[in-house]
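Taken in order, these protein sequences are the chains called A and B. Following our numbering, the residues of the first sequence are numbered contiguously, the last one being 268. Following our numbering, the residues of the second sequence are numbered contiguously, the last one being 250.
Errors might be hidden in some of the hints.
Distance condition first, Cα-Cα at most 30 Å in a straight line; then the derived DSS-like pairs of lysine-lysine [stated by the list, open to error]:
1. A:Lys-72 with B:Lys-240
2. B:Lys-164 with A:Lys-122
3. A:Lys-200 with A:Lys-24
4. B:Lys-164 with A:Lys-144
Distance windows between CB atoms, simulated [claimed, not checked]:
5. A:Lys-264 with B:Leu-99: 51 to 57 Å
6. B:Lys-187 with A:Asp-127: 52 to 58 Å
7. A:Val-197 with B:Lys-240: 41 to 47 Å
8. A:Lys-144 with B:Ala-72: 32 to 38 Å
9. A:Pro-90 with B:Asn-96: 27 to 33 Å
Note that these hints are calculated values from the structure, not bench results. If you're wondering where the values come from, they're calculated on a predicted model, not measured in any experiment. Note that CB positions come from ideal geometry on N, CA and C, so glycine has one too.
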Amino acid sequence: MSIAMQIETENAVPAASNPIIEVKGISKIYGSDIVALENIDLAFEEGQLTSLLGPSGCGKTTLLKIVAGLLKPSHGEILVKGKKVHGPGPERAFVFQDFALMPWANVMQNVAFGLKMQGVGKAAREDTARHYISEVGLSGFEQKFPHQLSGGMRQRVGLARALAVNADVLLMDEPFSAVDEQTRRKFQEDLMRLREVEKKTFLFVTHSIEEAVYVSDRIVLLSPRPGRVSQIIDPDIPQDIGPDELRRNDVYLDTVESIWHGIKKYVE
Amino acid sequence: MTLLGYRVPMMAALLVWVVVWEIIGRFDLLLLFPPFTEVLMALGDVVTSRSFAEAIRITALSYACGLALAIAVGVPLGLLMGLVPAADKMLNIWVNTFLSAPLSALVPVFMILFGLGTPTVIVTVFMFAVWIIVLDTRAGVQNISPSLMEMAHSFGASHAERGKIVLLAALPEILAGIRLGMIRGVKGVVIGQLLVSIIGVGALFSLYQQNFLMAHFWALILLLFAMALTLSGLVGRLEKRIEYYAGVRS
Ligand SMILES: Nc1ncnc2c1ncn2[C@@H]1O[C@H](COP(=O)(O)OP(=O)(O)OP(=O)(O)O)[C@@H](O)[C@H]1O
Ligand SMILES: [Mg+2]
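Modelling step: build the complete structure from the supplied sequences, incorporating the hints.
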């Protein structure tokens with residue numbers, strides 16, 4: 001690692017900056033004996049993209065839903081901007097793996113849904129929705145219904161819906177797993193661009209090591225059940241290279257390799 | 001259908017049966033089967049008669065009342081069973097029992113309870129139609145993807161708004177249940193009136209039968225068949241307009 005990268009690493013992992021979300025001593029026990037998560041402590045920095053990575057069934061979705069307020073933890077608490085939360089809130093928006101669009105509503109209505117729930121008037125919410133529909137590249141599809149769109153386009157609608165409510169934190173559960181590989185790559189690039197433009201904090205669950213290393217500022221590696229934090233990695237990928245170049249970059253390949261080593265012991 | 005290499009339209013099959021009916025009728029063997037042409041002539045007679053208009057009016061009324069009742073009870077009951085597992089556990093076995101029970105056998109009981117009149121017919125229609133509406137509504141609610149409800153929750157939807165989403169998400173199944181309920185309800189209204197036999201088409205049937213007006217009797221049956229088919233066709237068309245999104249849910 002070069003000196004420049006180390007400095008960057010130190011800047012990226014300051015223990016005492018202002019985390020927007022704090023996970024404190026979270027455990028989750030399903031039923032009486034399925035320990036999905038055990039004593040998780042994490043802090044998510046404002047403006048960063050953090051990936052949750054780990055083998056299937058290790059509790060990634062569970063953790064994300066607890067942060068979202070959709071699931072109650074068995075122990076511990078979630079702080080958002082220093083305040084304890086008891087349920088979903090407007091500062092967090094969720095992007096679902098299966099899109100979770102309303103099939104009877106068109107793209108415009110789906111994207112404006114969160115704003116409507118917040119009581120924003122029709123004209124105002126449609127203006128905002130239109131802006132984010134174009135932001136995710138779906139201009140012209142406002143009146144289309146979900147069944148008229150491809151999987152990739154549906155997930156863009158889900159993304160626009162989450163962006164439209166202007167939440168500070170976007171929680172994404174394997175958002176790209178139901179779309180094909182080409183769409184997925186396009187999505188990853190869009191995601192990185194969005195992070196620059198929107199200055200939001202992203203929590204991103206993925207199965208793919210490559211994807212995590214590519215898009216993340218920080219990767220949290222969870223161990224298999226009971227899920228614990230097994231490793232935290234801050235990839236030091238140079239910022240100024242293109243996507244194709246990046247996939248051949250040494251730092252990128254080394255990071256993927258080292259994470260794979262960390263995970264391999266669980267898989268075998 | 002093809003015959004000797006020629007395509008025969010579906011109506012042709014019907015025509016064959018009409019001809020067979022006509023021939024059997026011509027033999028004058030059975031009092032029960034007048035020739036088809038005679039039935040056709042009686043058709044005009046039946047339709048224009050005063051008692052027919054009255055019978056149709058009262059039949060339509062009992063049918064509409066029974067069906068409205070079945071929808072008003074069936075949809076909420078189905079929603080309850082779909083949303084509350086405890087209610088489902090308690091009610092499911094009864095709903096299923098009534099769905100497959102020979103309900104005609106219960107009509108005499110209704111007669112004792114509700115008298116020899118329209119109320120009994122309404123209850124019969126209700127009993128025929130309601131259970132399938134309950135079960136389809138329940139299935140519709142249970143098929144709603146959990147993530148759709150989580151979505152509503154996470155974007156801050158109120159209880160009322162979430163109820164609306166449940167209803168809209170289950171709508172294709174609810175409508176399918178109502179369509180089946182409507183078809184079963186036709187059965188209910190005819191059976192109810194036949195057994196009560198002093199009102200509506202039931203009264204007409206017994207009138208024709210007692211006076212050996214077999215052509216009129218058959219004409220009435222044809223009319224009822226045609227009406228039932230038209231009704232189910234209409235509902236089916238309505239349903240198609242909403243069904244398109246049922247298959248898109250993941
Ligand atoms: N409602 C539930 N009841 C009981 N056990 C559950 C429930 N939900 C999840 N689990 C269990 O908890 C564990 C963690 O589940 P979770 O869905 O969070 O894993 P995950 O890391 O998201 O997995 P995947 O990568 O397959 O999506 C799994 O072993 C799962 O079987
Ligand atoms: Mg998961």
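So, going through the hints one by one against the coordinates:
1. With a C-alpha separation of about 41 Å, the suggested pairing of A:Lys-72 with B:Lys-240 is violated against the 30 Å cut-off.
2. Distance hint between B:Lys-164 and A:Lys-122 is fulfilled; the C-alpha atoms sit about 18 Å from each other, no more than 30 Å.
3. Proposed proximity of A:Lys-200 and A:Lys-24 is supported: the alpha carbons are some 22 Å apart, at most 30 Å.
4. Of the pairs offered as hints, the one joining B:Lys-164 and A:Lys-144 holds, with about 21 Å between alpha carbons and a cut-off of 30 Å not exceeded.
5. Between A:Lys-264 and B:Leu-99 the beta carbons are some 55 Å apart, a value that agrees with the proposed interval 51 to 57 Å.
6. Distance hint check for B:Lys-187 and A:Asp-127: the Cβ-Cβ separation is about 54 Å, which falls inside the suggested range of 52 to 58 Å.
7. Range check, A:Val-197 to B:Lys-240: Cβ separation about 43 Å, and the 41 to 47 Å hint holds.
8. Checked against the given bound of 32 to 38 Å, the beta carbons of A:Lys-144 and B:Ala-72, roughly 36 Å apart, stay inside it.
9. Separation of A:Pro-90 from B:Asn-96 is about 44 Å and departs from the stated range, judged on CB atoms against 27 to 33 Å.
When held up to the earlier numbered hints, the structure conflicts with 1, 9 and fits the remainder.
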